[in-house]
Every structure is written in C-alpha cells, then in structure tokens.
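Protein chains: 2
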Amino acid sequence: MKKSIAIDMDNVIVDIETNWINWYEKEFGVRIPKEDLLGVPEDDAFPNPAAARSLIYKTGFFRHAPMIEGAAEAVRKLQENYDIFIVSAAMEFPNSLIEKHDWLNEHLPFISWKNIVFCGDKRVIDTDYLIDDHLKNLDFCKGMPILFTASHNINVTKHTRVNSWEEVLAMLTGELAN
Amino acid sequence: MKKSIAIDMDNVIVDIETNWINWYEKEFGVRIPKEDLLGVPEDDAFPNPAAARSLIYKTGFFRHAPMIEGAAEAVRKLQENYDIFIVSAAMEFPNSLIEKHDWLNEHLPFISWKNIVFCGDKRVIDTDYLIDDHLKNLDFCKGMPILFTASHNINVTKHTRVNSWEEVLAMLTGELAN
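In the order they appear, the protein sequences are chains P and G.
Letter 169 of the first sequence, counting from 1, is numbered 160 in this note's numbering, and no numbers are missing.
Letter 106 of the second sequence, counting from 1, is numbered 97 in this note's numbering, and no numbers are missing.
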C-alpha cells in the first residue's frame, strides 16, 4: 500500500505571500518588500494589518494566486509513489472554498476530487506525512510533520524543514529508497 | 480527552431524500412516494434517473434541504461529551461547498468552522466513530462505523445500525457509561 502525504495549500503550493503583497499594492498603493514578512505573522508585516487582513475576504483573492515554484511538477512526481491529499484549512474563509477548488482544478488537474480536503482543525487528518507551514497543524499531526519554509516560520526550530519542492522530492524519494 | 465522532451530512443530518423528491416534483411535475427509494440507489428511484441526478448540480439544491428529525438537538447534546466533526463528501459537487457551509451555519451554528470537513474519500479521516449512510465510507473508516438508516441502505447487514438520532443518543450515551 502506498504511503500517504497531506499537502497544505497556502505557502506550500500556493504563493500566498506574493499574492498578498500584490493585492495590498493594488488596493492601497503601497508595495512592501518580501523581506518585511520574515519572522512575523503575515498581516503584521503590512503598514495596516487590519487592511491587509480584509483582503483575504475579497472575491478572487485565492482564485488567482500564483503557484510556489515547482509545486505542480513535484506533486505529480510524488503521486507516482504516494497517495496525495491536498488538505487546506479553507473553512476559516468560506469565500475561499470554491476559489481554492477551482485553483486546484486549474493548476493540479491530476488531483481527483476524492483527494481534496477542506477543513478547519487538521488534527482529524491521518496521513503518513504532513507538509505544512504552520506549527498549529504540524505539532498535532498523526504522521511525520514536514515544515515547508515560509517567511513567517523562518525562526521555527522544530520539525524537519524543507525549503523548496526540490528538497521535498529529494527527501521523500530518499524515504522510498530506505 | 474526549472521543471524537465524524458525522456525515446527507441522509444523516440533512434529509436529502425529501429534498430530492420535492425538487423532482417542482422541476418535472411528478411526485414519487418515499417508499420508492427503499433499497435502491436514490437516483434510480425516479422515473428519469438522469434528470434526477441533474438536480444535484442546481443552485440551491443543498442550501435549503430540510433537516433529519432531531439531528441538531442530538448533535448539540453529543457535543457535551464528544469532539464532533461534520464530515461531508461535498467535493464531488463543488456547487455544494458554500451551500453546505451556509446550511451548517444556519442549522448547527454551534459547530465551529474548525470542526467542519469537506472531503472526497473519507479514508483520510481519523475519528473514534463515523456515523454515515454509505458503506463506501463506513467500510474503510479508522474508528467504529455506525450505519445511519437511509432508504437506499435498508438491506445492508454490516455494521451497527441506528434508525434515528434518538437511537444514536441512546447508543453513544451508553458507550460513555461503559
């Protein structure tokens, strides 16, 4: 039986940081450098955190976000040897449900609807691995937690860290060889 | 730590049978008696199964479905002693995502977004119990499967069966006493 991997969306396959910076500039005319996001919660990096947060609720925010480099190719490659589940805490932002669904259909059309999970608390998910950028998910997962680097988590010292999809592939292909 | 229960929506807390009969009558002018649904897949019970199936994709089909008798009160009661997760295979019908979310907010407002899961294959869900009407979910669940009676499953002889929310409460209150 194949081992299973749960893969988060935002900051793992979806480049929500760049998306947020782009939307903030478009809406409020100020472009912050990506470095400002380092080591802080994302909305706190913007001149007006409440305004930044309000963008999450706007129609289209999730639908047209760019992809993290190499994500689609890597997920497709992993699918050859693992059961892949895309697991997003989309329930916090109900407007994101259909947008995230449509995003996946466009960018990862090889992921069946059977392998998509939109939830809240990920503790209820049982897979052999979880690739995620948040400790609130990784700390409680039932399988092996893998921390995907995002600006906000650069100072985290827990869990095995991967900095790119290249590193995910190297690690999980290595796992198969063991 | 509280034990956890995953609860399906359609045919468990949502009376999708009555809803389907009502919509078929409204759209096609023919009202089938509920008895016609006994022991057959739901769409097969209608004079035109393809037409019946097409209703699932219509806007509003899931949003205004009635509730199964006693569901809200029973779920609220169970919440006192169990971690409750509403787990629906909503991903098969993307139009249902926001409608099911809004339905839950209206009828079960005491369920946090953290405890709602919209998925495809429920095998990835790990709870102590699963209350569901379909073998495709119950046969592979990690916890104890509980078959909630629906017209289509009356001939199923596997798993512990409950016929109503009253029976669910009696059973799971009994479990706590053990």
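Because the hints were derived from the structure by calculation, they are not lab data.
Careful, some of the hints might be misleading.
In this list, chains with the same sequence are indistinguishable; a pair is considered to hold if it fits within one copy or across any two.
Taking lysine-lysine pairs in the PhoX-like style, the calculated list, with each CA pair at most 25 Å apart, reads [claimed, not checked]: (1) K49 with K105; (2) K105 with K(-7); (3) K(-6) with K17; (4) K149 with K105; (5) K133 with K17; (6) K149 with K17; (7) K(-6) with K127; (8) K(-7) with K133; (9) K68 with K49.
Q) Quick one: K(-7) to K133, C-alpha cut-off 25 Å, is that within a copy, between copies, both, or neither? A) both (17 Å within a copy, 17 Å between copies)
Q. Is it within, between, both, or neither for K149 and K105, if the alpha carbons may be no more than 25 Å apart?
A. between (31 Å within a copy, 24 Å between copies)
Q) Given identical chains, is K68 near K49, meaning Cα to Cα at most 25 Å, within a copy, between copies, both, or neither? A) neither (33 Å within a copy, 36 Å between copies)
Q) What label fits K105 with K(-7) when the C-alpha limit is 25 Å: within, between, both, or neither? A) within (16 Å within a copy, 29 Å between copies)
Q | Within, between, both or neither: K133, K17 at alpha-carbon 25 Å | A | neither (40 Å within a copy, 47 Å between copies)
Q. Is it within, between, both or neither when you check K(-6) against K17 at 25 Å Cα-Cα?
A. neither (42 Å within a copy, 47 Å between copies)
Q: Please work out whether the CA atoms of K49 and K105 approach to 25 Å or closer within one copy, between two copies, in both situations, or in neither?
A: between (27 Å within a copy, 21 Å between copies)
Q | Intra- versus inter-subunit Cα pairing at 25 Å for K149 with K17 | A | This pair counts as neither: shortest intra-copy Cα distance 36 Å, inter-copy 57 Å.
Q. For the identical chains here, do K(-6) and K127 meet the 25 Å Cα criterion within one copy, between copies, both, or neither?
A. Both: 23 Å inside a chain and 20 Å across chains, each within 25 Å.
Checked against the numbered hints above, the structure violates hints 3, 5, 6 and 9; every other hint is satisfied.
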